[in-house]
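Using the sequences and the hints, build the whole thing.
Read off the chains here:
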Amino acid sequence: AQTVTQSQPEMSVQEAETVTLSCTYDTSESNYYLFWYKQPPSRQMILVIRQEAYKQQNATENRFSVNFQKAAKSFSLKISDSQLGDTAMYFCAFMKHGSSNTGKLIFGQGTTLQVKP
Amino acid sequence: DVKVTQSSRYLVKRTGEKVFLECVQDMDHENMFWYRQDPGLGLRLIYFSYDVKMKEKGDIPEGYSVSREKKERFSLILESASTNQTSMYLCASSPGTSGRGGTQYFGPGTRLLVL
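Sequence order for the protein chains is A and B. Counting from 1, position 100 in the first sequence corresponds to residue 100 in the numbering used here; the numbering is continuous, with no gaps. Counting from 1, position 97 in the second sequence corresponds to residue 97 in the numbering used here; the numbering is continuous, with no gaps.
In case anyone wonders, no lab produced these hints; they're calculated from the structure. Hints should not be assumed to be uniformly reliable.
Derived, one-sided and incomplete: chain A residues facing chain B with beta-carbon distance under 8 Å [to be verified]:
#1 L105
#2 G108
#3 Q109
Every residue, glycine too, gets a C-beta built ideally from N, C-alpha and C.
See below:
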């Protein structure tokens with residue numbers, strides 16, 4: 001069975017600085033997807049970034065980028081130039097490629113990030 | 001934009017009551033999901049559905065059932081609510097294999113309190 005672990009329950013960062021959220025996962029699959037989702041306080045969860053395991057290039061979306069280390073089964077999220085609106089709970093998630101027709105996700109425990117002014 | 005709506009943001013029920021949580025998506029997605037979110041545990045999958053009238057158990061289906069009579073609507077049913085079902089419930093939908101690799105779109109959540 002696949003598992004996803006986020007070892008940092010809470011983090012904080014000063015506005016405009018860079019922060020990295022950690023995520024490790026365990027799987028015997030060779031092809032899969034990894035995601036970071038963001039859940040702002042009292043607001044809907046939204047997708048931040050998505051990585052396909054067969055692609056070696058790390059995904060980026062504006063100020064958000066990932067460091068995908070397939071051999072180490074690590075998938076960290078880097079937020080550059082942190083903004084107050086980045087304050088949220090962040091979830092790392094895994095999905096087997098073979099199950100993409102159902103899209104079943106396995107989530108980590110979440111990391112609460114606070115951006116301080 | 002994809003829109004996923006849930007019938008209630010907050011709900012208070014008594015132990016033993018039958019509870020219905022409704023979820024509607026407007027993007028013709030094949031797949032729909034119900035999760036519960038608890039502090040320190042992340043999101044855990046209760047049930048999912050990949051087609052009308054089709055359902056599969058997730059990781060924690062005990063005490064829950066679901067119904068999907070129409071493609072856009074997925075209901076979660078607590079047959080006899082218990083206090084350990086107090087939680088945040090999130091609905092999500094995603095396109096099938098032709099979509100964006102399983103990206104899920106979430107509703108705003110229903111915070112359920114069972115007294």
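At a threshold of 8 Å, is the proposed contact between A/Q109 and chain B supported by beta-carbon distances? holds, 4 Å
Exercise. Under 8 Å, Cβ to Cβ, is where A/L105 needs to be relative to chain B, so tell me if that hint holds or is violated.
Key: holds, 6 Å
- Hint check: 8 Å Cβ-Cβ cutoff, A/G108 to chain B: holds, 5 Å
Hint compliance for this structure: every hint is met.
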